[in-house]
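Colleague: So the sequences go chain by chain: G and W. The first sequence begins at 1 in the numbering used here and counts up one residue at a time. The second sequence begins at 1 in the numbering used here and counts up one residue at a time.
Calculated directly from the structure, the hints in this document are not laboratory data. Treat the hints loosely; a few may be bogus.
[Said to hold, decoys possible] Below, simulated EDC-like cross-link-like pairs (lysine to aspartate or glutamate); rule was C-alpha separation at most 20 angstroms, straight line:
1) K36(G) - D25(G)
2) K199(W) - D214(W)
3) K84(G) - D111(W)
4) K244(W) - D214(W)
5) K140(W) - D224(G)
6) K244(W) - E23(W)
7) K179(G) - D139(G)
8) K179(G) - E17(G)
9) K142(W) - D25(G)
10) K15(W) - E209(W)
11) K142(W) - D201(G)
12) K258(W) - D245(W)
13) K142(W) - D224(G)
14) K140(W) - D288(G)
15) K142(W) - D288(G)
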Amino acid sequence: MRKQFVTTTERLLDEDERVVVLLGDIGVFAFRNAFKKHPQRIINIGILEQATVSVAAGLAKEGFVPLFHSIAPFVVERAFEQIKVDFGYQSLGGNFVSVGGSYDYAALGCSHHCPGDVSLMQAVPGVEIIVPGHPAELDALMSQTYASGHPTYYRLSERSNRSAQTVTFGKAQVIHSGKGPTVVTVGPFLDRVVEALAGTDATILYYTTITPFDAATLQQHAADGRILCVEPFYEGTLAASVTQALRGKRIALSSMGVPRQFLTSYGNADFHDRACGLLAPDIRARYDELLHV
Amino acid sequence: MSLALYPPVNQPGIKAQIRGIRENIIRAASVAGEGHIASAFSILDILYVLYYGILRNDPQQPQDPQRDRFVLSKGHASLGIYGILAERGFFPKEELNTFASSSGRLGGHPDSRKVPGVEASTGSLGHGMPMAAGMALGLKIKTSASRVVCIVGDGECNEGSIWEAALLAAHHKLGNFTCIVDYNHSGDRALMLGDLCAKFRSFGWETTEVDGHDHEKLEAVLTPHGGDVPRAIIAHTIKGHGCKDMEHNPAWHHKAPKADELEALLAQLT
Chain G
1 MRKQFVTTTE
11 RLLDEDERVV
21 VLLGDIGVFA
31 FRNAFKKHPQ
41 RIINIGILEQ
51 ATVSVAAGLA
61 KEGFVPLFHS
71 IAPFVVERAF
81 EQIKVDFGYQ
91 SLGGNFVSVG
101 GSYDYAALGC
111 SHHCPGDVSL
121 MQAVPGVEII
131 VPGHPAELDA
141 LMSQTYASGH
151 PTYYRLSERS
161 NRSAQTVTFG
171 KAQVIHSGKG
181 PTVVTVGPFL
191 DRVVEALAGT
201 DATILYYTTI
211 TPFDAATLQQ
221 HAADGRILCV
231 EPFYEGTLAA
241 SVTQALRGKR
251 IALSSMGVPR
261 QFLTSYGNAD
271 FHDRACGLLA
281 PDIRARYDEL
291 LHV
Chain W
1 MSLALYPPVN
11 QPGIKAQIRG
21 IRENIIRAAS
31 VAGEGHIASA
41 FSILDILYVL
51 YYGILRNDPQ
61 QPQDPQRDRF
71 VLSKGHASLG
81 IYGILAERGF
91 FPKEELNTFA
101 SSSGRLGGHP
111 DSRKVPGVEA
121 STGSLGHGMP
131 MAAGMALGLK
141 IKTSASRVVC
151 IVGDGECNEG
161 SIWEAALLAA
171 HHKLGNFTCI
181 VDYNHSGDRA
191 LMLGDLCAKF
201 RSFGWETTEV
211 DGHDHEKLEA
221 VLTPHGGDVP
231 RAIIAHTIKG
241 HGCKDMEHNP
251 AWHHKAPKAD
261 ELEALLAQLT
């Protein structure tokens, strides 16, 4: 997905003179061609995230479309107030592209884990949040939204689904429409959800746009009232959007995602999936629980 | 575009005009029961010189692309910028008396989405200067002749993002960027900043010290001079300048005059 991010960003730099890329001293080698081609509009800005976000806001005020790329905790958590005030409150457009969400950088420990990025970004009114599950989806969604006039957060994942869905910004995909509980999942978790629910009559909804949340698709596919959210970030991140979409209806909501505790082990993302109970058998077990509600 | 419409130095009536702006500010704060008056008075002479002698801007076309940009990074001094913008005709002076009201657009911190002439919404310290640096970088990319000036407070210089922006502005050779430090020493009770010229110089900036209430000297140091090095102007100021009871008096940092205090304060204004 990172490779696709470079390809898509290079294309946007070629096509749109307003695009200015600020790299937080990561991905610099991958962008070496862009540095040669657009030396004024791609900058290795350094490791100073707070000022970088404000500088990006200043660029946006001058009519540019800034794109800031760094590791999730530094883009979102380190510079959160700048995102909130400089972009959110001032209604400026800009793009924030992270790697290392949740425990993609598991071996680097808690300072580099970031399961709370999406929850935090949801707290900024006007922010768009995109979590693609495949490189082609990233390309489609970035192309649709990079100049939306809103602050847009793209969460790149180290792991992708085997095939891409045809995605549209702000729209969920109905992967399977059944008569059982509705399973809402996000980005890189689609494959494991499909695998977990093989042979069931679950409805599976696939979200790559987290905010604005596609309430209409959920409303049309939640007649059963039993909802399971399988989230690649903190568990319960989608709960407010789901309950708001289904307000006034009797629902049973079950959420599974990264537990809200520090994960002090290292290892890799597969290890943490297992430790957090986020593998296909765990998802099936949670789904089966809902069948008895 | 009106360029330096009213040279600020040696012009008759300026003292009375600035006294009038101070009165407008005090009255606005009094009506609102809110305001950082002393912070506004600390920078009022700087703002006056900027808006009457230095910055190219047009109150009738506040978004003219050719304008110079000004960012009040220490946003709590909003009454200062409102006083000057109203005086220059960006909005009616009568509007000052809606300051901080529920239906008004002049908030306790300036809002670029609401107020003509306000370039950036500030309030959280340490945001305005890097935003201004981003604007300067954007103007440089566009090869614009416009410049960017911002004012930061000395207390605001506690923020790491100020020094991050200082690094960036020097590295990217933002000769179109000037940062004025309102050095009234109100932050000394927390952190002593010492020699700010030396600090900015060590970050690669050109630096100048100036009496922040001397119009002639301010005009001299604020006049554009070209080059590709950003400029820091350390302006030695008196918090509450122009109102004896407020000068160097921390009690007036964030306080509005009560009705029975108003006339006595107005009588002191210079």
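Colleague: Does each hint fit the structure? Answer for all of them.
Modeller: For each hint, the structure was consulted:
Using a Cα cut-off of 20 angstroms, the hinted pair K36(G) and D25(G) holds, with the two alpha carbons roughly 17 angstroms apart. Our distance criterion of 20 angstroms between C-alpha atoms is broken by K199(W) and D214(W), whose separation comes to about 24 angstroms. Of the supplied pair hints, the one linking K84(G) and D111(W) holds, its CA atoms being roughly 14 angstroms apart against a limit of 20 angstroms. The hinted pair formed by K244(W) and D214(W) meets the criterion: a straight-line CA distance of about 18 angstroms does not exceed 20 angstroms.
For the hint linking K140(W) to D224(G), the alpha-carbon distance of about 58 angstroms lies beyond 20 angstroms, and the restraint is violated. The hinted pair formed by K244(W) and E23(W) meets the criterion: a straight-line CA distance of about 14 angstroms does not exceed 20 angstroms. As the CA atoms of K179(G) and D139(G) are separated by approximately 33 angstroms, the hinted pair breaks the 20 angstroms bound. As the CA atoms of K179(G) and E17(G) are separated by approximately 49 angstroms, the hinted pair breaks the 20 angstroms bound.
A distance of roughly 24 angstroms separates the Cα atoms of K142(W) and D25(G); the hinted pair therefore is violated under the 20 angstroms criterion. For the hint linking K15(W) to E209(W), the alpha-carbon distance of about 23 angstroms lies beyond 20 angstroms, and the restraint is violated. Proposed proximity of K142(W) and D201(G) is contradicted: the alpha carbons are some 57 angstroms apart, above 20 angstroms. At most 20 angstroms may separate the alpha-carbon atoms for a hinted pair to count; K258(W) and D245(W) meet this at roughly 14 angstroms.
A distance of roughly 56 angstroms separates the Cα atoms of K142(W) and D224(G); the hinted pair therefore is violated under the 20 angstroms criterion. Taking the CA atoms of K140(W) and D288(G), the gap is near 60 angstroms; set against the 20 angstroms cutoff, the hint is violated. Pair hint K142(W) plus D288(G) does not hold up; C-alpha atoms about 60 angstroms apart against a cutoff of 20 angstroms.
Of the numbered hints given earlier, the model fails hints 2, 5, 7, 8, 9, 10, 11, 13, 14, 15; all others are met.
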